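Residue numbers (this note's numbering), protein chains in the order written: chain A, 1 to 313; chain B, 1 to 407.
Think of the hints as simulated: they come from the structure by calculation, not from any bench.
Quick caveat: nothing in here was measured; it's all calculated off a predicted structure.
Even glycine gets a Cβ: it sits at the ideal position worked out from N, Cα and C.
Here are a few chain A residues that face chain B, going by a calculated C-beta distance under 8 Å:
1. A60
2. G61
3. I62
4. S64
5. T65
6. K82
7. N83
8. I85
9. F87
10. P89
11. E91
12. I92
13. L94
14. I95
15. F107
16. G112
Here are the simulated lysine-lysine pairs, DSBU-like style, with alpha carbons at most 30 Å apart:
17. K249(B) - K82(A)
18. K406(B) - K84(A)
19. K406(B) - K72(A)
Take a look, some chain A residues computed to stay more than 10 Å from chain B by CB distance:
20. T15
21. S48
22. G69
23. Q117
24. N123
25. L135
26. E167
27. K189
28. E203
29. Q205
30. F242
31. T243
32. Y256
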Amino acid sequence: MEFFKRLTKKSNPLTTSQIGFSYPNQEVLRDISLSIKHGELVAIIGESGCGKSTFLKIIAGIISTSYRGNIKIFGKSKLFNKNKIGFTPQEIALIPDLSILDNIKIFGLNSGITESQAIKKANQLMQMLKLEEDLNKLPSQISGGQRVRLNIILSLLHDPKIIILDEPFAGLDFLNRRLLWHFLESLRKKGKSIILTSHLLTETQEHVDRLIILKNGNVFFSGNLEKLKAKLKINYIYEIRFTYLSKQSLEKIKKYCTYKDVKILDFYEKYIMFGINTERQKSYLIKLLQKLNLNFNEISFREPNLDETFLKA
Amino acid sequence: MKSQALKTYAYLKKDTLLLYKRKKYLYLFILLPLVIATLFLFALNPKDYNIKIGICDFDQTDTSTQAFQNLNGFNPIVLENGNCLEEMQNQIKQGKINIGLEIGKGFTKNLEELKQSKLVIYYDNTDIAFANLISWKIDQSLQPFKRQIIDNLNKNLNTKVSSVRDSVELALEFSDFSSKLTNKIQETDDDLKSLEEMDTEFLTNPIWTEHKPIYNEDLKKDAGIIYIFPILAIFIILMLASTSIIYDKNCGFITRVKTSSSPIFYILAKLIFFTALVAIQFAIILILFMFYGAKYAIDPTAIIHLILFIGIINTTIGLIIGLIANNEGIAVLFSLMISFPLMLISGIFFPTQALPQIIQWISTILPLHYQISATKQTLLFGQTFQTTWVYFAVILIVIIYYLIKKN
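So here's chain B without its partners, still in its complex pose (with noise of 0.2 Å):
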């Protein structure tokens, strides 16, 4: 019994001893719950986030300042009343401002008339898990200024009741001052056919919100190839392409390459092989969203163009991954660590804008943001994008050399 129980006790201790000796395991082990749940815990009780939100407020009175600015959580940034509409979807489809909020003629005064007054939203719908947060977080946020103008609705009750029991009284006081009477009579009235008259939508709901998204509907269903395609690739580009540098090294295959010739030429063949791995990858997906009815605009050049943006970043980032790592584990961690918090913050999950300042920024610092951006712009607008990745990939790829030649 004692010497099973110190056997057991040999292997678990050579287990400990292997992790803390090979130090990327143990990196690894802290630093991906670590990364992934604060990211978790931040996505869901999101505190300090800041919404820019474009305001056209065509009613410019106190009421409607009064609207936008007890937003919770929004940042508003009023804009220029001539074209404002159109300046507003510009801002949001180039990412300027989060989401617009149009305040109509006459919001005021309805209001003061005591009927439902409307503000529409524009928000852009290929945004997934944004759109979907928008509807609730803006009535959320309108809460307050609800609530106040139900208060002052309140007021003016109480003020119209008292003044009609004013009335009664004093009809009883005066009666034989029959003039006076009548005229006190016909107010009572007013106040009476006010209160008949008063909106019951009013009542529930002073403001309602009309959500009008930037681009057809139809879009949103189609969006989902803009989040689906960069996030496969990217995860699966960095396993393939880390672990297959790793295969490379542990079968000697680097060693040969490395006599006869110079390593440029095996970066050149690894980016050609992922990258059409990208290629047929991406053609499965299409097809696939095609198939159910997805509408893209198809421009060969620039899904060339995305195809190998997407292709050579990821695939110079999983080399780079299996060149740090000792082995196909290491290469496999270290991959999921990098892709797995692309994809929380890559906004089809969680809405990236309510996430804090600082992850809102190191999303925008990451590729998969600039790859899901570039297949949005190619497929649903068939627009191309700027070519300033190439510039990162050369020095990606000067990377790679340094490290296979350094190995």
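Next up, chain A with everything else stripped away, as it sits in the complex (with noise of 0.2 Å):
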């Protein structure tokens, strides 16, 4: 019966277990297991230099060497599920001496399918991500957030179930993002498992099925935002301006903070913005300014975005 079970069970379109990668002298990625379900849309966050591309890397097969640990694609082997996986590399990845027909047809060509089909499949995406270009034109002819979507098409060519984006929303306009947002939504809606990286982490959480956040090489955090923000005990944000902020009133904060657990989470001059966990841990903050005798006004009171809530990560 448990042999049947694990028969007919659907294996996930993604699973890594224990990754682990260094570069000399540096131990990048220690031990990422995770796993992305049919359907999911799913944003890997985290410090410049954390590993995120790395870890990318090593999924979409750049990094095919020296790594640690098992990727499965399907509940098999990487290498015999290649095909599976559409990868958007950070870096425009296009022959800047072809045309965008001449690269439609290679990186198709590439992909395993006929010039027909990439053709066929180039002009439903690019009428989803509104690229209305002349096909003979060359890479340079267009605009910057134009090659930035083409360089998605192509990795997209060959109708992947897994699709992996570095870095896909850099250099890109608000407009273009959200046309990007929903264009990924749209394949997250025919059961397309997308997993990406980007550093716009309010846009970011709003779209997101789950949120990962890499720190020191593990996996820190895997969830969506409320989950963090009640990992991190951090639900609302306190932001004042001090009129005059001495070094040890300064100092009898930072004490009160450490004790009472209560978060710095940005310091400038006469700035201060904390993380707090309940309204009552603002009014105690506020006794304690006021028994300190400083003066100051409340810019906000409100609940924390991804971008601050990562800030106490």
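Reconstruct the complex from the two isolated chains, following the hints.
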């Protein structure tokens, strides 16, 4: 019975276990174990250099030697399922001296489909991404934003089930970013599993199903923003600006915060951003500031966005 | 003025720092002139070369032995007398000896009779640079021996003159003993006759060397292709293959290749493409040579084998350069660094036989040496060559595969 259960159980599109990787003199990834479900849109976030791109490159097969751990694509070895992945690199990967049409044909063939299939699929994707350009133009003759979209299209010509995008929003303006988010959401609806990295945290939290935070080479957190806030005990952001703040007063505030588990998320001259867990903590904090005879203006008291929560993480 | 000087200093400092930081540029900047200048120095001032000379001594006298033992810079190898000339020519063709020397019967007798003697030099006239060197090299090496012969002749003349003088003195002293005098005058007359009949050619050049090419003389004209084609192929393919892989790296093409398929198909496509370029290059050169009257043994199978050999080996080397180099500049410098010295020691500009032993050995382990030899076998003699290169190609392909995976 157990055997039949296992046989009929649908494998996750992507499962990684204990992925580790080191550059010379630097261990980037220690133990990254995670899995991505069908139709799930996941964002990997973390500080620059934390290994987000390295992790995606390992999954996509760009780094194919000297990493540790296992990668399963639909329960099978990555080697036999390479065509199920579509990877968009952070850098624009287009052949600059060939027309857009030739790029489509060549990258279509590279993905294992015919030229006509590639053109058909490209037209479909270009409509979705509102990239209506003369295909005989060279990549250098279209705008930067269009090149980013073309870069993504060329990775999806073979209709992959798993889509990996490394910083797809870099260099895009707000309108193009929104367009791309809608595009990714439509792919998710079609059952594609999407994994991406981004530095635009606030925007990302609104669209993804799950956030994965990498820290010190490990998965620090996996879940949605609410879960992250709960984990970090930051339900509110309290921003104030002092008219005058002496060093002694600042030290006293810092001491209090450490003692009461209030986080100073940002600090600049007379400005402080606190991350607090309950409204009661806020009133205690105000009492302290009054006790210290500090004059201040309250800038905001609100729920944190991902950027602010990330500061804590 | 000061600020302009500071700016100039800043730009100068930037380039100096970059040269120091980009180590590959620095190494090539130092290594390239070092290698090429050293090769030139060796080539222009050959010192410890050792040319193997096969000897067929049909005279077998002390004088004939002296003739080949006194050749400076040559290593004589005496061959057996039965079918000696045939064996000598075969050994030249196989590269076991560099040239051959035939000392004919009567060599010593001629010298004793003050007649010019002949030495026959056999050489590979398709080995262009060496063939040009050999005419003066042999003559130059024979100089001490010729000097010795002239010295002997001088002594001989002195003896004869003093004998004539003795005879004349005797005639004056013993003029009354007529019969004795008659004999002595007869002797004097003989000596004078011998001096009169002395070969003037012998006086200027007691030994003359005849140069016999082992192949038809037309072959020398046709032989240009055996150098030109491999040299151009290595030079162009190394540059093109290395820069093409740099281009693919820079535009992210390799990234897409790695995500979608095994690099082996990418390598295969590169090999096919550049081998096709070699085939086109070969066709152009061949047609040009044939247009100017060269005749070659056209065996399609052997020619395809040759093009595959040159195309695949050069492409794999070029791809490795491209994978090691960081940018097109380094790739071009690397290609130059490899192909330029190879050209110098290929045997077209300088005779490799006159280079030091170590450089001769290095030249024989480098691919161009085999490519020239294979082109010669294929085009001049219509013969096929060994397929050992396939093993090297496989090793190089494995290295490329590893470098692409690791890159």
